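Here is what each chain is made of, one letter per residue.
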Amino acid sequence: MFCLTTQERQVLLFVSSLALLGLGINFLAKLFTRPAVIAAIYQDLGKVDLNSADSALLKDIPGIGDTLSSRIIEYHRENGGFKDVEELKNIKGISGSKYEKIREFLTVR
Amino acid sequence: MKRAPAYLAVLFAGGIIFADQAKIPFKIIYPAAMSLLIISVLSFHKNFNFTLSLSLLVFSLGAAALSNSRILPADHIVNQKLLSKEGPYLLKGVIVSHPQEGKGISTFSFRVKGIEFSDHVRSASGDILVRVSGKEEFSCGDRLVLGGKLYWPHAPYNRDRHGYGDYLLNRGIYFIMRANSVTLCSGTKTGSPFAISMAAWRIKKKMKEAVFKYMPDLPAAILNAMVLGDKKDIPPGIIKTMIKSGTVHILVVSGFNVGIVAFIIIVLLKIMRVAKRPRLVIASLLLIFYCLMTGASTPVARSTVMAIVFIIAHLLKREPDIYNSLGVAALFVLGINPRQAFDVGFQLSFSSVISIVCFYPKLKGFFKADSSRLKIIRWALSGFCLSLSAWLGTAGFIAYYFGIISPVTIFANILIAPLASLITLSGFCLIFAAFLFPGLAPLFARAAELAVAALISLNSLFTKLPFSCIDL
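Residue numbers (the working numbering), protein chains in the order written: chain B, 6 to 114; chain G, 3 to 474.
These are computed hints drawn from the structure, not numbers from a lab.
One should not assume that every hint holds.
[Stated by the list, open to error] With a Cα cut of at most 35 Å, we get these calculated DSBU-like pairs of lysine-lysine: (1) 115/G <-> 52/B; (2) 151/G <-> 52/B; (3) 210/G <-> 115/G; (4) 88/B <-> 115/G.
[What the hints assert, rightly or not] Which bits of chain G does chain B cover? Going by a derived footprint, with three or more residues having C-beta under 8 Å, they are: (5) 26-35; (6) 53-67; (7) 122-136.
Keep in mind the model is a prediction, meaning the values are calculated, not measured.
Beta carbons are placed, not taken as given, at the ideal position from N, Cα and C, and that holds for glycine.
Please model the complete structure; the sequences and the hints are all you need to start from.
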């Protein structure tokens with residue numbers, strides 16, 4: 006048997022309670038921690054969003070004129086929006102070289 | 003019972019081993035521990051009931067501590083499902099260990115705070131081991147953005163705890179990264195919680211420079227390992243032969259070094275006529291600083307806690323007990339990281355001390371070490387008994403982990419341990435002289451160099467003896 010004094014017993018119980026409390030808090034903290042987005046990286050900052058751009062905004066892009074901007078707006082209306090910038094290739098008048106030229110100014114969000 | 007701390011440490015360690023084997027979830031152990039705490043409070047005045055419930059409470063605390071240490075939060079790097087995708091990754095975080103430098107590679111523990119994905123940075127936690135090529139200098143507390151591939155060094159919770167991965171796992175490290183790009187974030191060191199550790203690391207670096215300034219590379223590398231705990235510069239061949247002869251323990255900072263440091267500090271303060279109480283308090287603080295300087299490995303942490311327990315006992319005019327101080331040291335180490343119970347360093351460090359304390363006096367009596375008239379025979383017999391008692395405690399672990407039995411260890415340590423003491427002492431003298439009396443430093447350097455040469459020759463001689471090392 007330990008034959009501990011009252012003070013020693015109090016100290017042991019106090020330390021054990023603290024350890025138990027600490028373990029509980031640590032466990033709860035882990036349980037409720039969720040990965041959170043702490044910063045967004047806009048690699049497409051300054052690019053024109055194909056799903057929200059109007060004709061005037063599209064016409065600001067070098068290589069897109071009145072005809073092409075109206076075809077893009079029409080494609081957007083008919084297909085319910087763009088899923089990828091690459092869908093531009095389906096529009097009449099946007100060939101491989103044209104696509105390569107304008108794609109760096111466009112994005113889909 | 004006079005040895006309550008030692009008894010409680012055994013129960014706490016027993017709880018850890020039980021939790022490892024039984025794999026009882028934390029959600030079951032924790033309420034059980036809470037119930038035991040309530041029972042202990044209720045049976046406060048009943049000696050037997052209180053002792054029993056307190057014992058079970060400490061046992062369950064050990065089990066709960068291990069079980070909790072294995073629960074990883076949702077934002078932990080392991081739970082981010084990184085391995086399902088191709089790297090490399092960009093990780094934000096902070097260096098939490100002193101970088102080890104060797105062969106043009108810096109190695110350090112890195113606490114991850116965020117992971118960069120293609121369009122966002124996600125919060126993260128957990129430690130990884132980072133290896134960076136090049137001569138860039140880092141220090142503990144530096145905030146970095148690292149780019150590189152992560153790899154998994156082990157299978158998680160492997161039953162066979164022999165691998166490097168398990169060694170890392172016991173230290174809470176889950177990935178290794180070979181960093182290709184490193185960006186130091188500016189303005190990060192002010193008010194850092196690592197300030198003391200960083201100061202310790204800077205002083206250690208200056209000491210290392212002093213050792214290498216006055217000595218050739220090989221003896222300097224060995225001295226550096228023995229005094230400052232940094233064995234990266236020692237050629238692998240030397241380490242291999244010392245493992246075979248069972249004397250590799252002298253290449254790490256251990257309780258012996260802590261003892262020497264404590265002795266030097268106390269003597270210096272005594273010469274400066276500092277009163278006894280402040281002297282012991284200052285010695286304790288400087289021992290903690292030395293522990294941080296050498297990387298706070300398990301043997302150093304153990305011996306630092308033991309030394310401080312002895313000093314406190316002295317200050318309180320209580321008789322120090324080696325088992326109790328060992329118990330407090332074990333509770334301290336396991337309380338911080340319960341997985342240390344499965345670490346070979348922890349097991350060897352504690353088993354050797356327990357074995358020496360248990361067997362050394364009995365073996366001395368058995369071999370009648372003190373009854374010889376010749377001083378040299380008394381010394382040799384005492385050394386033999388000490389070496390044999392340490393070997394008895396550690397041979398099983400060495401056979402299990404390293405697959406060797408080295409009977410030559412018992413004889414090798416009789417000569418090599420005193421030589422190591424000489425090297426350590428001359429190493430400390432060299433470092434002190436290099437800063438205070440540079441003119442004297444070469445003298446200590448030559449003495450240390452000679453002792454290191456003798457150490458290497460003796461070690462080589464012992465490993466060449468027949469049956470010096472048996473492979474299992």
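Handout entry: Hints breached by this structure
Key = none
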